[in-house]
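If you want the building blocks of each chain, they are given just below.
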Amino acid sequence: MSSTDLAVEESVESTFVQRSPRQIAWMRLRRNRTGMYSAYVVIFFIAAAFLSPIIIKLWGLSSTDLYLDGLNDQAMPIGFGGGISWKHPFGLEPGAGRDVFSMLFTGSRISFTVALITSVASIGLGMLIGIAGGYYKGRIDALIGRFSDLLFAFPSFFMIIALSIPMVQRVEATGIATGNGARIIVLIIFFVFFGWPGFARLVRSQALSMRERDFVMAAQAQGASNWRIITKELLPNLWPTAIVFLSLSLPGYLSAEAVFSFLGVGIQPPASTFGLVLSDSVKYWQTDPAYLIIPSAMLVIIVLALNLLGDAIRDAIDPKAEK
Amino acid sequence: MSENILELKGLKKHFKTTAGGFFSREKAVVKAVDGVDLTIGHGETVGLVGESGCGKTTVGRTVMKIYEPTEGAMLFDGEDITHLSRKDMKPFRSQMQMIFQDPFASLNPRHTVGTIIESSFIIHGVEPEGGRKKAIQDLLDRVGLNPEHINRFPHEFSGGQRQRIGIARALALRPKLIVADEPVSALDVSIQAQVVNLLDDLQKELGLSYLFVAHDLSVVQHISDRVVVMYLGKVMETATTESLFNSPRHPYTKALLSAVPIPDPKIERMRERIILQGDLPSPMNPPAGCVFNTRCWKTQAKCFTDVPQTVEIAPGQTIACHFPEPAN
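Heads up: the protein sequence lines correspond to chains A and B, in order. For the first sequence, position 260 matches number 260 in the numbering used here, and the numbering has no gaps at all. For the second sequence, position 127 matches number 127 in the numbering used here, and the numbering has no gaps at all.
If you are wondering where the hints come from, they were derived from the structure by calculation, not from laboratory data. A virtual CB, placed ideally from N, CA and C, is assigned to each residue, including glycine. Check each hint, because a few of them may be wrong.
Reference listing, derived: stretches of chain B covered by chain A, where coverage requires no fewer than 3 residues with Cβ under 8 Å from a Cβ of chain A [what the hints assert, rightly or not]:
1) 61-70
2) 239-250
Here are some chain A residues the structure puts well away from chain B; computed CB gaps all over 10 Å [stated by the list, open to error]:
3) V17
4) I78
5) L208
6) F215
7) A218
Listing some non-contacts, in silico: residues in chain B with all C-beta distances to chain A over 12 Å [claimed, not checked]:
8) S2
9) E44
10) E51
11) E79
12) D201
13) E272
14) P286
15) P315
Let's have the full structure, built from the sequences with the hints guiding it.
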């Protein structure tokens with residue numbers, strides 16, 4: 001008998017550990033099976049993208065080599081599913097004869113770089129500016145508001161098309177990067193510049209309502225600094241919005257990069273982003289459907305996993321969610 | 001150590017509002033608090049009453065320096081804190097704390113009970129004896145909550161329990177003065193009694209002083225040593241609880257007391273109730289003379305021209321009225 005009593009006491013004692021809200025959220029996320037699987041998928045694709053040079057080399061492939069002996073005399077890949085074989089798991093590119101597996105993983109590195117940097121930067125910037133506007137109100141808020149109005153009203157699409165070539169030249173002139181590197185930098189700058197106002201507005205409205213809540217006043221009465229109020233009282237209530245926004249804007253920027261690459265102002269061949277591969281594959285959808293299906297499926301899986309992961313994190317940090 | 005823990009001398013808090021848009025130069029001033037004198041002794045509870053919109057909450061928040069006072073002086077334990085900067089104010093913050101009206105809004109929904117209470121220690125860099133966790137659990141125990149609930153979130157508690165968490169947060173740094181801004185008006189009556197008794201017990205144990213802002217007169221009568229009656233940003237009457245409830249001298253106090261129902265149908269039917277006509281005038285444009293002149297039944301010409309001075313009409317009882325009621 002006494003041993004079971006002891007066990008009960010021990011379990012009570014173990015619940016006595018003080019946990020921060022972050023630790024509790026992490027425990028909840030670990031328990032969410034969908035969330036964890038999506039996390040694995042996302043981590044897999046991101047890791048694959050950034051390790052792609054090694055993986056491709058180990059497979060004995062190259063993203064720029066032309067495997068012309070795999071093509072027939074109409075330059076179409078020979079064999080099932082666009083030439084799927086052990087050597088070329090995703091088949092060959094019709095026309096030039098490059099390996100689709102290495103094209104996609106090398107390309108996804110560029111796509112992910114653009115989408116990740118852009119989303120995180122525009123959400124970070126939007127968060128900062130939105131909180132500043134909502135928390136400090138008054139003149140600062142009015143200035144930010146009118147400036148973001150200006151950006152909203154701006155024909156950003158045409159501006160990117162018109163200015164991308166001179167901008168790329170400027171970046172190349174500074175010597176930071178050349179060719180596609182410079183194009184990536186320009187694309188990110190444009191996306192962030194026009195991307196932050198949407199999120200800043202969302203945050204501003206929330207910060208505006210939250211700063212009047214009693215818990216902010218309680219923190220002021222305790223003697224908390226503005227910085228502490230913003231980071232410890234307001235931010236925890238804004239994370240869910242940021243995470244939902246991130247999981248929506250990541251795929252958004254993945255496809256935005258694809259659109260601009262397709263229009264010729266983004267990344268240029270011989271690089272191969274999702275956008276470039278997809279826009280090329282549309283030409284062959286009847287003769288080589290696998291060339292269209294494989295990159296689309298990959299994009300769908302990535303976007304779906306990102307969204308599910310976003311949902312799981314949002315649920316994990318929501319104290320009112322089911323345990 | 002000064003005689004009084006808190007002294008307010010002619011405290012004023014005016015809010016500027018811009019009527020119109022971004023480029024408008026037109027300004028309006030809301031005189032939320034317009035010359036309030038108030039003292040709280042060590043270990044004393046002062047009730048601050050008045051109807052909605054009279055500025056009693058603003059007094060509480062100005063005392064906590066959440067609002068910057070427009071005019072007047074605030075002395076905390078003899079030291080002038082009226083225009084202290086945020087940094088200079090910090091040592092005083094640990095000595096005065098606030099309890100809020102709505103326990104559903106005053107606790108950040110994304111913090112656990114532990115982090116809510118711990119924040120006081122973090123902000124002031126206090127390392128209590130036996131560690132923060134133990135201090136938090138002692139506080140929870142002291143306010144009648146289970147110390148094991150340290151990792152729970154506010155939404156897992158009832159209104160009364162949440163208010164206890166708010167009280168524990170206020171007590172964390174062992175303050176001398178607690179500004180309680182309608183601490184029980186959002187709670188059920190049965191819970192109100194528990195919370196009021198808790199505040200009473202804490203006062204006895206820890207020697208706290210309270211500024212108790214409320215509109216429920218029976219609660220105020222129960223907890224207060226002295227009562228201050230406010231109307232439209234001004235103090236109408238100040239008296240000990242006993243003399244205020246037994247022998248109100250200001251017509252407004254009398255009207256306020258007559259609005260309290262008496263739980264005896266016989267007396268209730270017999271007594272004559274004073275029913276005030278009209279609404280509270282706008283604090284943007286208060287009436288000239290006595291601010292109560294729009295609703296008072298005793299007004300004479302003087303009331304519309306001269307502002308009544310605050311006079312001591314009986315020992316410990318001051319009123320601002322030209323024509324006081326007779327003593328009972």
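Evaluated hints:
no., hint, result
1, 61-70, "holds (count 3)"
2, 239-250, "violated (count 0)"
3, V17, "8 Å, violated"
4, I78, "59 Å, holds"
5, L208, "15 Å, holds"
6, F215, "4 Å, violated"
7, A218, "5 Å, violated"
8, S2, "22 Å, holds"
9, E44, "21 Å, holds"
10, E51, "21 Å, holds"
11, E79, "16 Å, holds"
12, D201, "22 Å, holds"
13, E272, "40 Å, holds"
14, P286, "25 Å, holds"
15, P315, "35 Å, holds"
Consistency note: the structure conflicts with the earlier hints numbered 2, 3, 6, 7.
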